[in-house]
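Novice: Listed below, chain by chain, are the residues.
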Amino acid sequence: MTKPILKPGRKNPQIRTVHPTLPPAYRSRKALGFTVAAAEGRFCLQRCDDCGKLTYPAREACPACLSMNLRWQDVDPAGQLIAETTIRTSTNSYFRERTPWRTGTVMLDAGVSVLAHIHGDVTPQGRVRMIARTDKSGKGVMMALPEKEVENMADDKQLRELTCDPKHRRVLITDGRSDVGQAMARAMVNAGAEIVFVGLAEEWRGFPGQAAMTEIANVEIVPLDVTNTTSVQECAGEIGGKVDILINTAQHTRPGGIMGRRDVVTSRDEMEVNYFGLMRLMQGFGPGMKARGADGVNSACAWVNLLSVYALSNKPDFGSTSASQAAALSLAQCFRAEMAGSGVKVVNAYHGPLEDEWHQPLPPPKVSPNRLAREVTGALQQGLEDIAIGEVAVDVRGRWQEDAGVLEKELTQIEGM
Amino acid sequence: MSVLTELAASLASGAVKTVDLTHTLDPDFPVMILPPEFGQCARFRVEEVSRYDERGPGWYWRNFSCGEHTGTHFDAPIHWISGRDLPNATVDAIPVSAFVGPVCVIDCAGEAAEDEDYLLEVETIEAWEAIHGEIPAGAWVLMRTDWSKRSGAEYLNMREDGAHSPGPSAQTIRFLVETRDILGFGTETVGTDAGQGAHLSPPYPAHYILHGAGKLGLQCLANLDQLPATGAILICPPLKIKHGSGSPLRVMALVEE
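In the order they appear, the protein sequences are chains A and B. Numbering-wise (my numbering), the first sequence opens with residue 1 and increments by one. Numbering-wise (my numbering), the second sequence opens with residue 1001 and increments by one.
What the hints contain is simulated information worked out from the structure, not anything from laboratory work. One thing to keep in mind: the hints can contain errors.
Unchecked claim - Just the calculated beta-carbon pair ranges, DEER-fashion:
#, chain 1, residue 1, chain 2, residue 2, range
1, A, 395, B, 1161, 40 to 48 Å
2, B, 1198, A, 405, 44 to 52 Å
3, B, 1037, A, 334, 50 to 58 Å
No residue lacks a Cβ here, since even glycine has one placed at the ideal position from N, Cα and C.
Just chain A, with the same shape it has in the complex:
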């Protein structure tokens, strides 16, 4: 059984904050396919399209038939630990700081043996369940977990390096005015966050749920308006040094495309929140979080962007909002690059239409605020970086991955013609 992580004490102000170091970061283009899958939490291996052989580690060509047609495919994550070693010294700074470190060889039921990090509760020669996750370098790695859930499993120190568990961490929800923001605050408190800061813009106008939210234990309301640079800078100045997880719930969604609108006023509002708001948050909170990626039990660990799945491909009846979401996605990609090396994961959570006033005339399925909050919490606990929430998002994202061109043609064709 893993020893539960205790709530960390207050930081000693005389000790220098540990600078983030990284496990090996380079992967070949072919090998990055594993990282893509790991970011989604899928356990994949390359399979040869021509002869069907499973391959490990990542290769350019099939070792059996020399075919170049290797494709990453989900495989059964079950297996058995057949050999292990505990690393007690390393020339790599990251591992050197974290020894002892358990690694081993797992024989997958699929017939391939792989090298993996080993959870502390895996018994020698025991049955295991493999996971693929991104590590502090943002690159895919394998870890063997006990086949069945054990107590305090998430607190294993090696596993916690791969996850962004809110337990004992301090979370900032950027906008508490919406149902999504409020559901997210409740979910973070329930997941064991030490404190949940909830941003509130324009305190001069109230909103439904305000009283209930202020009553949640561990919730602290902070003035924060993502459309106001000064407000973001002031908030970051106040609490930026103790935000371990930031969840950007500020979103401006309006129906409408281009010619149905007579001006760019609404589109500008969308960009002001969805794009510039995100950029202000990144400029305000990014540097502090980047510096605290290895700051102990409650290190900075995750930045969550809630993105409409139509950031991937425009949905014309919400065309302008889709465009601002595409801008936000592009910015998130840049942010990932700038945060690389910090160990802080930039999580993109794509969602379909929400159960809110702007999607009210749309038919189900829609994503309720509680479901969105639950799935984001789960993604943090599991250490995922790319998730799709709700049936629509799963479907659209899947089709985008399959063929972005076909998806675009489908979304933009005239219905019933």
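Fit chain B to the supplied structure of chain A, relying on the hints for placement.
Specialist: Only chain B this time, still in chain A's reference frame:
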């Protein structure tokens, strides 16, 4: 001594003082809230361009943005549909003489403190005139409510049925426009109309009647408690925005000690 020389001497001696009737343009200052499906009034926002740094080593300057009706602001007749066909109805076309003139201040602070939906009625104007004399044609009329001393959520005072703040009744505005031929009407609240003005007849009577008659509006005023009932001079030139429906502005008054 000419009038202006005398004024200059009075300003220098302090016999005439200048009172600022303006709120600071602050990103957190409330603006009018409309149903979300309508276009909204832009908040006041500032972005720094440089501050003695690599973006401009020797100078500090910023870009600001806002709506024509953000902060302490001026309403031109064209702001309302009733004034849309009037001549010289935009801020750039209104004769500048309209921006300096006598001002009458009706003190409703006590009534507004007791009744947040207080409506200024004609009888109150008549009672005021019995003491201070008739409101002269071409005067600005300001409704003092001390609402400017409120802050945060207390200012708009929004509830589920909308904002609750004082303002003039339709009859009062009609009286001021048709019988007294005022130049404009100003308030300390976010609009010239009461918070519940949408439910009066006509809806938003101050906007509808004032602007329909080519009259002007001022709102989000402050420090009206520092003005005498009569005798002050109001100075309120809006920005000269091409075809502007209004403008944030610095409003001042000259007051004799």
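Novice: Can you let me know if the beta-carbon spacing of residue 1037 (chain B) and residue 334 (chain A) is within 50 to 58 Å?
Specialist: violated (33 Å)
Novice: Given the hint of 40 to 48 Å, check if residue 395 (chain A) and residue 1161 (chain B) actually sit that far apart at their C-beta atoms.
Specialist: holds (41 Å)
Novice: Lying within 44 to 52 Å: is that true of the beta-carbon distance residue 1198 (chain B) to residue 405 (chain A)?
Specialist: holds (50 Å)
Hint 3 alone, counting from the list given before, is not met by this structure.
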